[in-house]
Amino acid sequence: MTNIMQNGASAKNSAMGANTSPILEARNLRKLFPVSGGSFFGKPNTVKALEDFSVSLKPGYTTALVGESGSGKTTAARILAGMYQATSGEILFNGVSSKNISGGLQSRNYHQHVQLIFQDPFASLNVAHSIRYHLARPLQIYHKARNKTELEQEILALLQRVSLTPAEQFIQKLPHELSGGQRQRVAIARALAPKPSVLLADEPVSMLDVSIRLDILNLLTRLKDEENLALLYITHDIASARYFADTILVMYAGQSIESGPSETLIKDPKHPYTQLLLSAAPDPARNSAAPISGKGEAPSLINPPTGCRFHPRCPFAKDICRTGFPKRTEIQKDHWVNCFLYTDELETVSSNIPAHAPSK
Amino acid sequence: MTAQNNVILDVQHIGVDYFSRSGTVHAVSDVSFSVNRGEIFGLAGESGSGKSTLAFAVARLLKFPAEITGGQALFYPKTDAAQTEPIDILQLNKKQLRDFRWKKLSIVFQSAMNALNPVLNVQTQIIDTIRSHQPHLHRDEYYQRAVDLVKMVGIAPERLKSFPHQLSGGMRQRVVIAIALALNPELIIMDEPTTALDVVVQREILSEIQNLKKTFGFSVVFITHDLSLLTEICDHLAIMYAGKIVEQSNRVAIMQNTQHPYTFGLLHSFPSLYGEKKQILGIPGHPPDLRNVPTGCAFNPRCSFAVEACRSVIPTLQHVDASAADHLTACHLYDPRFQPNGPPKSLGRQVANDDPQAIGTDMLAGGQ
Amino acid sequence: MKYFIRRIFFYVIALWTAVTLNFIIPRLAPGNPVQTLVGRSQGRIDPRAISALELQFGINTKIPEWQQYFSYLGDLLHGKLGLSFEYYPTPVSTVIVSHVFWTMGLIGVASVLSFVLGTLLGVISAWKQGSVFDRIVPPALTFLSSIPYFYLALFFLYFLGFKLGWFPIIGAYSFTADTSQFSLSLLFDVLNHAILPALTIVLVSLAGWMVGMRNAMLNTLSEDYVLMAEAKGLSNWRVMTIYAARNAILPNITGFALSLGFVVGGSIIMESVFSYPGIGFLLFQAVQNSDYPLIQGIFLVIALSVLAANFFADIMYLILDPRVRY
Numbered sequence: 290m291t292n293i294m295q296n297g298a299s300a301k302n303s304a305m306g307a308n309t310s311p312i313l314e315a316r317n318l319r320k321l322f323p324v325s326g327g328s329f330f331g332k333p334n335t336v337k338a339l340e341d342f343s344v345s346l347k348p349g350y351t352t353a354l355v356g357e358s359g360s361g362k363t364t365a366a367r368i369l370a371g372m373y374q375a376t377s378g379e380i381l382f383n384g385v386s387s388k389n390i391s392g393g394l395q396s397r398n399y400h401q402h403v404q405l406i407f408q409d410p411f412a413s414l415n416v417a418h419s420i421r422y423h424l425a426r427p428l429q430i431y432h433k434a435r436n437k438t439e440l441e442q443e444i445l446a447l448l449q450r451v452s453l454t455p456a457e458q459f460i461q462k463l464p465h466e467l468s469g470g471q472r473q474r475v476a477i478a479r480a481l482a483p484k485p486s487v488l489l490a491d492e493p494v495s496m497l498d499v500s501i502r503l504d505i506l507n508l509l510t511r512l513k514d515e516e517n518l519a520l521l522y523i524t525h526d527i528a529s530a531r532y533f534a535d536t537i538l539v540m541y542a543g544q545s546i547e548s549g550p551s552e553t554l555i556k557d558p559k560h561p562y563t564q565l566l567l568s569a570a571p572d573p574a575r576n577s578a579a580p581i582s583g584k585g586e587a588p589s590l591i592n593p594p595t596g597c598r599f600h601p602r603c604p605f606a607k608d609i610c611r612t613g614f615p616k617r618t619e620i621q622k623d624h625w626v627n628c629f630l631y632t633d634e635l636e637t638v639s640s641n642i643p644a645h646a647p648s649k
Numbered sequence: 008m009t010a011q012n013n014v015i016l017d018v019q020h021i022g023v024d025y026f027s028r029s030g031t032v033h034a035v036s037d038v039s040f041s042v043n044r045g046e047i048f049g050l051a052g053e054s055g056s057g058k059s060t061l062a063f064a065v066a067r068l069l070k071f072p073a074e075i076t077g078g079q080a081l082f083y084p085k086t087d088a089a090q091t092e093p094i095d096i097l098q099l100n101k102k103q104l105r106d107f108r109w110k111k112l113s114i115v116f117q118s119a120m121n122a123l124n125p126v127l128n129v130q131t132q133i134i135d136t137i138r139s140h141q142p143h144l145h146r147d148e149y150y151q152r153a154v155d156l157v158k159m160v161g162i163a164p165e166r167l168k169s170f171p172h173q174l175s176g177g178m179r180q181r182v183v184i185a186i187a188l189a190l191n192p193e194l195i196i197m198d199e200p201t202t203a204l205d206v207v208v209q210r211e212i213l214s215e216i217q218n219l220k221k222t223f224g225f226s227v228v229f230i231t232h233d234l235s236l237l238t239e240i241c242d243h244l245a246i247m248y249a250g251k252i253v254e255q256s257n258r259v260a261i262m263q264n265t266q267h268p269y270t271f272g273l274l275h276s277f278p279s280l281y282g283e284k285k286q287i288l289g290i291p292g293h294p295p296d297l298r299n300v301p302t303g304c305a306f307n308p309r310c311s312f313a314v315e316a317c318r319s320v321i322p323t324l325q326h327v328d329a330s331a332a333d334h335l336t337a338c339h340l341y342d343p344r345f346q347p348n349g350p351p352k353s354l355g356r357q358v359a360n361d362d363p364q365a366i367g368t369d370m371l372a373g374g375q
Numbered sequence: 455m456k457y458f459i460r461r462i463f464f465y466v467i468a469l470w471t472a473v474t475l476n477f478i479i480p481r482l483a484p485g486n487p488v489q490t491l492v493g494r495s496q497g498r499i500d501p502r503a504i505s506a507l508e509l510q511f512g513i514n515t516k517i518p519e520w521q522q523y524f525s526y527l528g529d530l531l532h533g534k535l536g537l538s539f540e541y542y543p544t545p546v547s548t549v550i551v552s553h554v555f556w557t558m559g560l561i562g563v564a565s566v567l568s569f570v571l572g573t574l575l576g577v578i579s580a581w582k583q584g585s586v587f588d589r590i591v592p593p594a595l596t597f598l599s600s601i602p603y604f605y606l607a608l609f610f611l612y613f614l615g616f617k618l619g620w621f622p623i624i625g626a627y628s629f630t631a632d633t634s635q636f637s638l639s640l641l642f643d644v645l646n647h648a649i650l651p652a653l654t655i656v657l658v659s660l661a662g663w664m665v666g667m668r669n670a671m672l673n674t675l676s677e678d679y680v681l682m683a684e685a686k687g688l689s690n691w692r693v694m695t696i697y698a699a700r701n702a703i704l705p706n707i708t709g710f711a712l713s714l715g716f717v718v719g720g721s722i723i724m725e726s727v728f729s730y731p732g733i734g735f736l737l738f739q740a741v742q743n744s745d746y747p748l749i750q751g752i753f754l755v756i757a758l759s760v761l762a763a764n765f766f767a768d769i770m771y772l773i774l775d776p777r778v779r780y
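First to last, the protein sequences are chains A, R and U. Everything in the first sequence is counted per this note's numbering, starting at 290 for the first residue and increasing by one. Everything in the second sequence is counted per this note's numbering, starting at 8 for the first residue and increasing by one. Everything in the third sequence is counted per this note's numbering, starting at 455 for the first residue and increasing by one.
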């Protein structure tokens with residue numbers, strides 16, 4: 290079991306976006322959820338959970354969706370996984386538009402290739418069934434094994450791939466006999482069973498102990514490299530996104546606000562919210578400097594602020610920010626931002642983060 | 008530790024056991040530490056470390072099947088002429104305990120989601136705390152105090168009539184902090200106060216706590232699994248593993264002179280935003296099941312520096328370094344009997360300067 | 455507020471449905487109640503009176519159905535439920551009213567007592583979980599609950615009423631009592647007669663409330679806010695009631711409000727055993743005598759009271775749980 294691996298990002302960054310075509314693409318996804326409340330005879334209230342969301346997942350690359358709660362990242366993941374229907378927008382799988390993903394053979398094909406890993410390892414496994422059952426199900430549904438012996442072999446192979454060894458011991462255990470990290474490995478194995486092309490990992494390590502998080506993330510990266518998967522990594526922890534993702538897409542209150550290669554985005558964040566996020570993240574390699582002001586909390590999505598939803602908290606907000614959502618500005622290749630600060634004037638706003646030299 | 012003006016809480020040899028059908032679990036074993044007045048003392052650990060159990064034991068909030076098996080916790084209130092004796096928390100009777108609670112020591116609970124009664128509004132929950140200790144004030148005085156408290160934590164007084172489910176996570180946490188401050192306690196125990204919150208809100212709440220501490224001068228015991236957070240705000244830290252303290256020192260020493268392999272691994276489990284992007288591995292294996300603690304040092308199955316003695320002899324927390332008087336470690340690497348060559352080179356160097364190659368080789372040995 | 459309006463809307467519709475069904479169903483039944491009445495009277499009713507009777511009961515008339523329906527609704531609004539066969543020519547409403555208060559009085563009070571006592575016992579049992587109290591009382595009450603009601607009632611009737619003569623064994627009041635006006639002795643007499651029936655009802659239903667409350671309370675006691683209330687140094691009493699019980703009681707309250715709806719249905723068995731003049735007994739006799747108007751009237755009253763109880767439960771919940779309000 291190799292623990293030292295090349296950081297996939299550095300090798301691929303140069304070829305980023307050049308030749309590989311995306312295997313899963315979301316274009317201008319919008320999602321509204323109806324809620325109760327609102328006037329009795331008027332329109333029902335809606336939660337504007339996701340606005341104009343687009344992402345492009347390429348095989349062998351990890352894309353991170355970074356945002357806090359209410360940012361829409363989980364909604365986006367679930368739409369991509371086929372659990373929700375988008376209110377508008379389209380999803381292209383292998384270049385083919387999949388308008389209606391639920392139900393039918395077409396959806397089965399989609400689900401085989403796009404698998405979701407959930408956040409809570411304690412809730413995503415059925416407490417009444419053994420690990421064997423959990424892994425046999427997807428293999429049977431997608432006809433990955435022809436008979437019982439093959440099934441058993443496949444299951445053992447899967448357990449080995451996620452480093453749950455000796456596999457023969459784990460195969461008959463029940464979920465409550467495993468630790469959090471082990472359960473999450475089972476969840477990963479289960480997602481791998483149908484041989485997918487895309488893995489959507491929704492905060493896969495947030496509920497795990499700190500010391501084992503990296504192991505799981507390293508495992509995901511190794512699997513991605515071995516199988517050339519497209520990996521979508523959803524998290525609120527931007528530091529881990531820097532470490533594991535090639536591209537980071539930052540979201541706030543349902544809107545996508547900035548995206549770019551991880552290193553570039555972190556070294557040179559353009560959007561005020563990204564700057565706020567970076568300054569607020571705890572980091573042992575820096576002294577406790579005062580963060581940028583950005584007081585307040587994420588807005589209600591039933592009555593979100595107009596225009597750019599960050600404007601009530603933004604220290605640089607101008608009048609125009611209230612009226613409309615800014616168009617995309619390309620800072621450099623693959624690094625874009627949605628912010629009025631960059632649309633009219635091309636001068637970049639001086640970074641407000643106190644200079645962070647790595648501690649001596 | 009004698010009753011100096013400096014120490015506010017002195018915990019000695021506390022042990023807590025849980026009785027279950029499958030046997031007795033030693034949630035906390037022989038833990039001692041002391042908190043100085045006006046400082047933030049951090050308790051770091053993952054699941055099964057016993058940090059919350061320890062704090063609850065000191066606050067006398069444990070219930071059956073948990074039981075304190077030994078030790079004492081001495082509280083040194085601000086000296087006034089009448090009291091020079093410390094308060095022996097574990098020996099207080101019911102009435103004394105009620106007096107002690109919240110006036111001297113208060114608690115901020117984890118997940119403010121559930122710490123507030125869903126059927127009572129915020130104002131009621133603040134006021135009933137005050138009223139149960141100071142029953143003879145006028146109604147307006149209670150109200151005024153509630154207003155003052157929520158203003159202190161940055162909540163508009165109009166929200167007093169709100170119910171918990173109408174407040175956001177960050178606001179609920181602030182309310183819980185406001186309640187904790189209601190009677191001007193001298194020591195506040197905070198159990199993962201910001202874990203369920205977003206990063207930006209977390210940062211705000213932390214800075215509020217620091218401001219309030221400056222204003223009111225209380226001490227804090229801050230419990231969390233987020234070691235990187237602790238290294239930013241604490242004065243002193245103790246790292247716990249499987250119910251014991253494995254390393255304890257001031258913030259700078261923990262980071263610049265890390266002694267215990269677990270602390271080292273834990274510090275390296277947080278990818279850094281700045282500085283060189285180097286490979287990090289975390290700690291192989293998983294936190295122990297307290298029903299089946301490994302013999303010897305509980306960390307030995309995951310430790311890449313383990314020697315033979317680690318599997319059989321339990322290390323004691325002791326002072327190993329001549330330079331830092333308050334730096335204690337429980338590790339055989341510093342015991343000349345078991346490790347005559349002293350600790351390996353890669354430990355004990357500053358976090359950011361570590362040589363990636365060296366880490367990789369050393370940590371590899373502890374693989375699955 | 456939205457919630458409230460929506461609920462009222464629902465009840466109006468449910469009410470209308472109950473009323474309409476009550477109109478339709480008897481008319482679907484085969485046969486002609488007037489013929490039955492005449493037949494049963496064994497010739498004491500002059501056949502020439504049949505058309506007059508039919509008119510009175512609204513059968514076979516030339517009036518179209520929908521017109522009958524509206525006059526039926528109109529009658530209802532005036533409280534006219536028709537004439538009873540059995541007690542002819544007493545209006546159904548009079549018959550019902552004379553019995554319904556006994557039912558509501560006895561069973562209503564017994565239900566309330568049972569609920570209050572059961573809940574209290576549940577709270578104490580949970581608070582002192584594992585104590586001697588908790589180990590004895592719930593199983594004992596459950597045992598009592600599992601005894602078939604009529605058995606328990608007959609048992610009490612026989613031993614306490616008949617053998618020991620402590621309580622009267624029949625009726626709601628003595629035969630010699632003067633019911634035309636209220637007096638203290640009458641009150642005492644009524645209470646005396648009510649004890650055995652009430653006792654049996656309470657004993658049998660106590661365990662349900664107690665165990666339900668105990669479970670809810672145990673769940674609530676493990677919540678963080680209860681721990682925090684203790685940590686704040688609040689008195690035991692306050693923690694137990696305002697923090698724990700106040701939350702734990704919510705599911706039980708709705709159950710209780712709903713059970714009130716069935717009070718009016720009465721307890722047929724209890725009233726049969728003790729010959730208590732309640733609605734249940736009335737219904738039983740009406741069925742035996744094929745007194746259709748009376749049966750319909752009673753069904754309607756039962757349906758209405760169940761709806762009212764539901765509505766009451768909704769309001770209670772609205773008051774008690776702020777999470778529902780907003």
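I should point out that these hints are in silico values taken from the structure, not numbers from a laboratory. Predicted model only: the values in this text are computed from it and were never measured. Among the hints, erroneous ones may be present.
[Stated by the list, open to error] Within a straight-line C-alpha distance of at most 27 Å, the following computed DSSO-like cross-link-like pairs (lysine-lysine) qualify: (1) U:Lys456 to R:Lys70; (2) A:Lys556 to A:Lys484; (3) U:Lys456 to R:Lys102; (4) R:Lys158 to R:Lys102; (5) R:Lys70 to R:Lys111; (6) U:Lys456 to R:Lys168; (7) A:Lys622 to R:Lys285; (8) R:Lys85 to R:Lys221; (9) R:Lys110 to R:Lys85; (10) R:Lys221 to A:Lys556; (11) U:Lys456 to A:Lys337; (12) A:Lys622 to R:Lys284; (13) A:Lys556 to R:Lys285; (14) R:Lys111 to R:Lys285; (15) R:Lys158 to R:Lys168; (16) R:Lys101 to U:Lys582; (17) R:Lys111 to R:Lys158.
[As the list claims (entries may be wrong)] Just a sample of chain R residues kept apart from chain A, beta carbon distances all over 10 Å, derived: (18) Asp17; (19) Thr31; (20) Asp95; (21) Thr131; (22) Ile137; (23) Ser139; (24) His140; (25) Arg146; (26) Gln209; (27) Leu280; (28) Ile290; (29) Gly292.
Note that the Cβ used here is the ideal one computed from N, Cα and C, for glycine as well.
Hints breached by this structure: 1, 2, 3, 4, 10, 14, 26, 27, 28 and 29
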